[in-house]
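Participant: The chain contents come next:
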Amino acid sequence: MTDVLTTTNTHGLSNEQLLEIDYYLRLTRTLEERLVALFRQAKVIGGLYRSLGQEGESVAAAYALDYKQGDVVQPLIRNIGSILVAGAKPSDIIKQYMAKADSPTRGRELNIHFGHPARDGFIGQISMLGDMIPVMAGIALAGRMQKKTLVTLAFIGDGGSSTGAFWEGMNFASVQKLPMVVIVEDNGYAYSTPTAKQTAAKTLADKSYAFGCHGVTVDGNDVLAVYGETKRSVERARSGGGVTLLEVKTFRLKGHAEHDNQAYVPKELIEEWQRKDPLARYEKVLMELGVATQDQFAEIQQRVRREIDAATDEADRSPMPNPADAARGLYIEDGYWEER
Amino acid sequence: MTDVLTTTNTHGLSNEQLLEIDYYLRLTRTLEERLVALFRQAKVIGGLYRSLGQEGESVAAAYALDYKQGDVVQPLIRNIGSILVAGAKPSDIIKQYMAKADSPTRGRELNIHFGHPARDGFIGQISMLGDMIPVMAGIALAGRMQKKTLVTLAFIGDGGSSTGAFWEGMNFASVQKLPMVVIVEDNGYAYSTPTAKQTAAKTLADKSYAFGCHGVTVDGNDVLAVYGETKRSVERARSGGGVTLLEVKTFRLKGHAEHDNQAYVPKELIEEWQRKDPLARYEKVLMELGVATQDQFAEIQQRVRREIDAATDEADRSPMPNPADAARGLYIEDGYWEER
Amino acid sequence: MPELSYLDAINSAMAEEMARDERVFLIGEDVGVYGGAFKTSAGLIDRFGPERVIDTPISEIAIIGAASGAALMGMRPIAEMQFIDFITCGYDMLVNFSAMNSYLFGRACPMVVRGPAGGGTHGGPYHSLNPEAMFMNRPGLKIVAPGTAYDAKGLLKAAIRDDNPVLYIEHKYLYRRIKENLPEDDYIVPIGKANIRRKGKDLTILTWGAMIYVADEAADVLAKDGVSVEVIDLRSILPFDEEAILESVAKTNRVIILHEAPLTGGAGAEFAARIAEKAFDYLDAPIKRIASLDVPTPYSPPLEAFYLPNKDKVLAAARELLAY
Amino acid sequence: MPELSYLDAINSAMAEEMARDERVFLIGEDVGVYGGAFKTSAGLIDRFGPERVIDTPISEIAIIGAASGAALMGMRPIAEMQFIDFITCGYDMLVNFSAMNSYLFGRACPMVVRGPAGGGTHGGPYHSLNPEAMFMNRPGLKIVAPGTAYDAKGLLKAAIRDDNPVLYIEHKYLYRRIKENLPEDDYIVPIGKANIRRKGKDLTILTWGAMIYVADEAADVLAKDGVSVEVIDLRSILPFDEEAILESVAKTNRVIILHEAPLTGGAGAEFAARIAEKAFDYLDAPIKRIASLDVPTPYSPPLEAFYLPNKDKVLAAARELLAY
Ligand SMILES: Cc1ncc(C[n+]2csc(CCOP(=O)(O)OP(=O)(O)O)c2C)c(N)n1
Ligand SMILES: Cc1ncc(C[n+]2csc(CCOP(=O)(O)OP(=O)(O)O)c2C)c(N)n1
Ligand SMILES: [Mg+2]
Ligand SMILES: [Mg+2]
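Protein chains in written order, with the numbering used here: chain A, 1 to 340; chain B, 341 to 680; chain C, 681 to 1004; chain D, 1005 to 1328.
Source of the hints: derived by calculation from the structure; they are not laboratory data. Check before you lean on any hint, since a few could be wrong.
[Stated by the list, open to error] Some chain C residues flagged as far from chain A (calculated, every beta-carbon gap over 10 Å):
| hint | residue |
| --- | --- |
| 1 | 757 |
| 2 | 882 |
| 3 | 922 |
[As the list claims (entries may be wrong)] With a Cα cut of at most 20 Å, we get these calculated EDC-like pairs of lysine to aspartate or glutamate:
| hint | chain 1 | residue 1 | chain 2 | residue 2 |
| --- | --- | --- | --- | --- |
| 4 | B | 488 | D | 1026 |
| 5 | A | 68 | A | 20 |
| 6 | B | 487 | D | 1055 |
A virtual CB, placed ideally from N, CA and C, is assigned to each residue, including glycine.
Using the sequences and the accompanying hints, generate a full structural model.
Facilitator: In structure tokens form, the structure reads like this:
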């Protein structure tokens, strides 16, 4: 159990909502553990990326959006929690990792690179880091042109925030005062590269000065704090206050991917951040606040396990793609995507 | 004559040096006026870009470098004054504009896009704005690896500072703490686009917070102030203090190029900045300081006119390229550039 | 039928589509207040307002990326590159994001990226690019390159109405040099269909963009020698009208592929390869390509003239093939 | 003769050149402390220090641009793209700055850009790129694509010693799958020279990179049918060994061009076009190209297998040509 100070302001969330957040936190962690098991059984095709220790900010930030208003979240590979909140099915995520025919991309693209901003409330990234920032700005721009009240929420890493695409997108969004929130995750590393080698800026939030947008830093492992700051930023964006660059301080507890033993990370750092586990801290607060009991958490975990089991079975049963389909769908009018 | 307040600190420059600066200021303005005349005679191939009102910062900044130590300046199209200070011949510049066979690029590339960092003390930009910032970082990096004490000075515009290349280059240079000074010219416009549509940052110098480098703003039409701030930044860079982003506030008194009547610029703005003419202000200060008299300025202008006349004659006489040469020199080993 | 220049045709295509469909908007550098570096968008901001004619910072990644994002939301952006050369700065966004939406994700991304291309104006190495080949091996885009005012208007309308990202290559040399009487009524030129510009039976010249006029000149000269040349204006580079190409070669048995981009790795190589595979039996002579030299576009007029294809280069190749 | 994998060959080429010439350095993402995403640069930082093995921010524009600037100053940088796919992000810098130094400015720019390319590893659309064709119509670069450990080492050394920017395409599928006994002594493989991998007289297969092994498989099968196949490993894409290509076709009169990139606009189109112009009289059958489908590289194994060229596709084409 953790001894780290954690905020207790629940920002007007109801007990159901507070428990729902816990559900998504557990769903994320359990789903990833399942993916690890499938990876070890060689059922996952390609790499597996963990968000262990970062589930808190992924879930809390996405929970601050209003999908009924058309809000859109754009996750990175580690923000599985965000798309679960936005409504992605665990079975779809497992199918993506297993490259199945009935996965959202029908086996064409990997992990959580999927989703449609106008249909799903989320859109996965492409691999080229930074590229989604201009794209999310364009989604926000379209929303404004279409007289919608939507806000876009984009995630970017400490590493991704070094790319020209990030800079150009932030600058454009800020000039246009678009309804957009960008969460920059300082999780200590970009692959093997520590944040200090990524930027000489004092904090990643300091980049906001270059854009003339709002800049905030928050403890990324404090679920309620991340929710609160994101909510504030989203509401400001929705009411015409423009872009916020919200830095969450967190830590990547695993290697870049399963193959990486993170030998380059000092042991003490890992231990320090293990003590800051966002799930443990969040559940501790909920208990202190009398919102929930151990039993309720146990129930949630049972429910989560049942759902992940079912999702895994479904994914396991679903077929691999039909090889000849590889030739189809280059242009949208060919009808491939309308089928089934 | 101008009534604008101007600094009088001569930063230890000798009277000869102060007059030499005036010489370069006049050389720049007169050379550009000559280019306009040649343009009207249709002897200039392609566009002509003026630096009227910006000669001060171009000359003063370049004057703060020490070319004997291998310092390198990278001008934009409007920094003719900078390369004149670095040693470029007016005849070479005119030949470039006339696309002559014996121009530095032998008619292959236009205006002041020429120079070699290890040979000339300057390197012209390529058209893609922002690209030279990473390149100048690489030149500074090489200098450090080669145990040289050189500093690189790069110019970028208010518009160019929106490009991904600028952002990536500044970030890389700052992380590496390279001996580099970047002057960002806020001259009010990027083509027809005012700076307010280019960035929402309060000042362009504020971009320094994103890089964790030094940031300074100076009156770009105050020759001595620009010299002083550049000198300070260069010395800091040379002594290991890292990158400075130096914003010069100035104004583009002409259109983007000769074809552009700048109808989009409010008349008052132009009049206001005409009153801030850097040459008038500089010469006023030199006279107040008793450094020079009207006669000396007149002498300098006569000398400049003689030199520009000679340069024009030389350029006029020199031949156009031999058509078949177009096929040569793609790879450096083909020997084309060793000839003549 | 009003007489419109190639540039007017582009301007009116945008104006008419923006009037017809409020999802259409223009985004780029200096496209609004200034009306574009070449005045291609003159008047549009007055008519449609700054919300639909957006002046951006100098950020090609952001322009193409924001246009792509808006397109996913059902808008139909036209992203202008001030010169097509600067599309290189947004290259990644266009080939890796815009172009992949359908194949990977089943998302429609209806957008146009357009800008002034091509040489002959002494623009030098950074303002004379013919970009088509840079994109041909990166599937997902459509690519069109009109050579007439009629096609400029009809292909731009087709591109705007297409549900895929379309690279629209306009040749700046033609902006004000050609004028045509265009139909008053709305029309489109379908993407993927070539135009048999001139019927002939002895030799095919396959070309597009500004080079169609070079082909015309050569064909006129050859006509005097009694040689009947078929000139195909390809118009669409991707998808391209393979049928029209093969039919023509089957008829003439001799072909010259003429384009303004450098020879090596140019789009013409693909067409030559298709012919060499699918019309092999019809060929009575080697497939000739006439293109620019394999170097950047030099700035000085004598160098640029030597660099570019011209009538004489085409005639020399034609005579070789005819004597074969 | 020590046995080295293709990856070891790359590592040792870099190590030996860095030891031989202090102007050589490595710059890229995670190339130092981590030794590269594929461990291609393992051990180099310990041996040469962080000044010569530079870990950068995620900034391909800056990596290629800084390498170019250093090269102008007489250094010999090796810029690594973590995957070659990300070269698209620095595309502008490479084609517009690095590649133009000689032709426009008479400046030597001795640098190498290298990184893992190619499919077959289920990397999906963003980690399987074969990039050569993206650069073929933008003059100024040299492009090499080794398929053997011997060539991987010899071509990398040649690239590092070359005074022009060289794009060095290494195929990640081969990294650990092939091992060869390599000479202890220093050697280079000259850029621009093909390797006749297998002599034959009935049919030429022109290929490079990982596809040389597909060509071998097909050639072995055909050999059993008494068909003698000549396999040309091109190795250098730009400049390429036209003489070797034409000589082979003149001898075999039948040619298949095999590459892993998609068909349309692929580098193979250029070679087909050259043959169709310069060896026309020697051709007894159409020129066939076998390549990947004209779509992005799909991720799922059955889709990727269908997408990529393979022995059977080559055999089918070969039998067609031989029956012709
Ligand atoms: C433009 C680009 N360059 C390189 C890569 C290779 N790459 C994939 S993930 C990664 C590290 C990302 O670090 P960060 O942005 O901090 O995200 P994190 O992995 O920490 O969540 C790199 C370098 C890439 N995907 N895109
Ligand atoms: C990447 C890129 N995009 C577009 C252009 C076209 N262009 C040339 S100059 C210019 C305006 C430059 O403005 P600024 O950087 O402020 O420099 P200034 O002209 O004011 O000196 C533009 C948009 C370019 N050269 N490069
Ligand atoms: Mg990180
Ligand atoms: Mg400006």
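Participant: So which hints don't hold here, by number, going up?
Facilitator: Hint 1 is the one this structure does not satisfy, whereas the remaining hints hold.
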